[in-house]
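Asker: So the protein lines, in turn, are chains B and X. So that you can map any letter, position 64 of the first sequence is 64 in UniProt numbering, and since no number is skipped, the others follow by simple counting. So that you can map any letter, position 141 of the second sequence is 141 in UniProt numbering, and since no number is skipped, the others follow by simple counting.
Quick caveat, the hints were computed from the structure, so don't treat them as lab data. Treat the hints with caution; some may be incorrect.
One copy or two, either will do: identical chains are not told apart, so a pair holds if it fits within one copy or between any two.
[To be verified] Below are the DSS-like pairs computed for lysine-lysine, each with C-alpha atoms no more than 30 Å apart in a straight line:
| hint | residue 1 | residue 2 |
| --- | --- | --- |
| 1 | Lys104 | Lys34 |
| 2 | Lys155 | Lys83 |
| 3 | Lys37 | Lys104 |
| 4 | Lys104 | Lys83 |
| 5 | Lys155 | Lys34 |
Being a predicted model, the structure only gives us computed values, none of them experimental.
Number of protein chains: 2
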Amino acid sequence: MITPGNAAPSRMLEAPTIRQHSLTLGKNSRSQIKSQKPLILWMTGLSGAGKSTVADRIEHRLWQCGHHTMILDGDNLRFGLNKDLTFTDAGRVENIRRTAEVAKLMLDAGLIVICSLISPFRRERTEARQLVGADEFLEVFVDAPLDECMRRDPKGLYARALAGQIPNFTGISSPYEPPDAPEIHLRTDMADVDTLAGQVLDELRRRGIIACVP
Amino acid sequence: MITPGNAAPSRMLEAPTIRQHSLTLGKNSRSQIKSQKPLILWMTGLSGAGKSTVADRIEHRLWQCGHHTMILDGDNLRFGLNKDLTFTDAGRVENIRRTAEVAKLMLDAGLIVICSLISPFRRERTEARQLVGADEFLEVFVDAPLDECMRRDPKGLYARALAGQIPNFTGISSPYEPPDAPEIHLRTDMADVDTLAGQVLDELRRRGIIACVP
Chain B
1 MITPGNAAPS RMLEAPTIRQ HSLTLGKNSR SQIKSQKPLI LWMTGLSGAG
51 KSTVADRIEH RLWQCGHHTM ILDGDNLRFG LNKDLTFTDA GRVENIRRTA
101 EVAKLMLDAG LIVICSLISP FRRERTEARQ LVGADEFLEV FVDAPLDECM
151 RRDPKGLYAR ALAGQIPNFT GISSPYEPPD APEIHLRTDM ADVDTLAGQV
201 LDELRRRGII ACVP
Chain X
1 MITPGNAAPS RMLEAPTIRQ HSLTLGKNSR SQIKSQKPLI LWMTGLSGAG
51 KSTVADRIEH RLWQCGHHTM ILDGDNLRFG LNKDLTFTDA GRVENIRRTA
101 EVAKLMLDAG LIVICSLISP FRRERTEARQ LVGADEFLEV FVDAPLDECM
151 RRDPKGLYAR ALAGQIPNFT GISSPYEPPD APEIHLRTDM ADVDTLAGQV
201 LDELRRRGII ACVP
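The following block holds chain B by itself, in its conformation from the complex (with noise of 0.2 Å):
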């Protein structure tokens, strides 16, 4: 028989009128029932670096292991969750920020979860790892040259930027601070697809994360 544990812990806000509900189930029991250790995958990179074809790559695999995972897309959390945000310097930061407080529930749920958006700034990207254990974040650095970037410019947008069509564009007229410390470092420039994806998998299967080989 299984049996449930690891509930969040009941604590009271500084708000008067909310307290922390204690849970029967927490992640620990939500991922037993599927069999592997939850982990938030932070891909953070250049605009056309390759980080969402890997991501989706990786993803694939995992699944075909039968692992359970969820990919948090920043493109595609902007046509929801984060639809009010702008491009602006606070809104990226907020941007982050929601998608690391998702990402943190999802792997209360249990998931392997993918995050894959720029996350240009530093601070952002470690407040990110602080809001979970520290062995249930890896930073997966999508490094490819910003004049590689350029020249694949696979939605025209550098293109737009250099012409001083869009404001705020990372790696033209707004700052990327590439990680000090990535747990994984991805050249795009340098692999494939495929092979890239199998970096990713490897580190996890080193770190005792995943068992298969997909």
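Chain X: place on chain B using the hints.
Answerer: Then chain X, alone, in the frame of chain B:
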């Protein structure tokens, strides 16, 4: 061999720089390995009506059957994703909007999502419903008379609201609009929590969402 499907469609947003990414996996493939039909159970009702208690029991009984669930509790969300929001009407509307968007993401992840929040306004509950398919959203009215909720007052909040210490308190100084046609109507003043959870599970069986008898 299982094959993925139900990928999100690619479409352009009005904003110039973002485009929805097509993902290989979609709701169907993610729920397929969970052997279940994803669903949102939206539990609405007054403070003290018993939403969290019944939600917790439903989740535990679904989990005992091997179902993959997550609870989105309105109070708990205000410690994280929604910690920037107030209890004004505007804050409550945004609270419900974000919760509904996160529930939709979890539906996409293949989960049975139990939302437990006062959600006092009909309009926002309708908007939450309209985010997803007609057979993916069940509104559960967790109903107890206001005087019964005030008598229970498990957190001492009604007493403080009546003393004028809590502004915008639903049922006292802020309206609650009961559902017109909830799929499930629970009278928590007339049955115990196991009976009430059983009523919800019976309805899920009747609709073919679950097969087991937890």
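Asker: None of the hints should be skipped; say for each whether it holds.
Answerer: Okay, the hints, checked on the actual structure:
When the C-alpha separation of Lys104 and Lys34 is checked against a cutoff of 30 Å, the pair qualifies both within a copy, at 17 Å, and between copies, at 20 Å. Only within a single protomer do Lys155 and Lys83 lie at most 30 Å apart by alpha-carbon distance; the minimum there is 20 Å, versus 35 Å between protomers. Both within a single protomer and between protomers do Lys37 and Lys104 lie at most 30 Å apart by alpha-carbon distance, with minima of 14 Å and 23 Å respectively. In this assembly of identical chains, the alpha carbons of Lys104 and Lys83 lie at most 30 Å apart whether taken from the same copy (20 Å) or from different copies (14 Å).
In this homomeric assembly, Lys155 and Lys34 never come within 30 Å of each other (Cα to Cα): the closest approach is 37 Å inside a single copy and 35 Å across copies.
Violation of the numbered hints given earlier is confined to hint 5; every other hint is satisfied by the structure.
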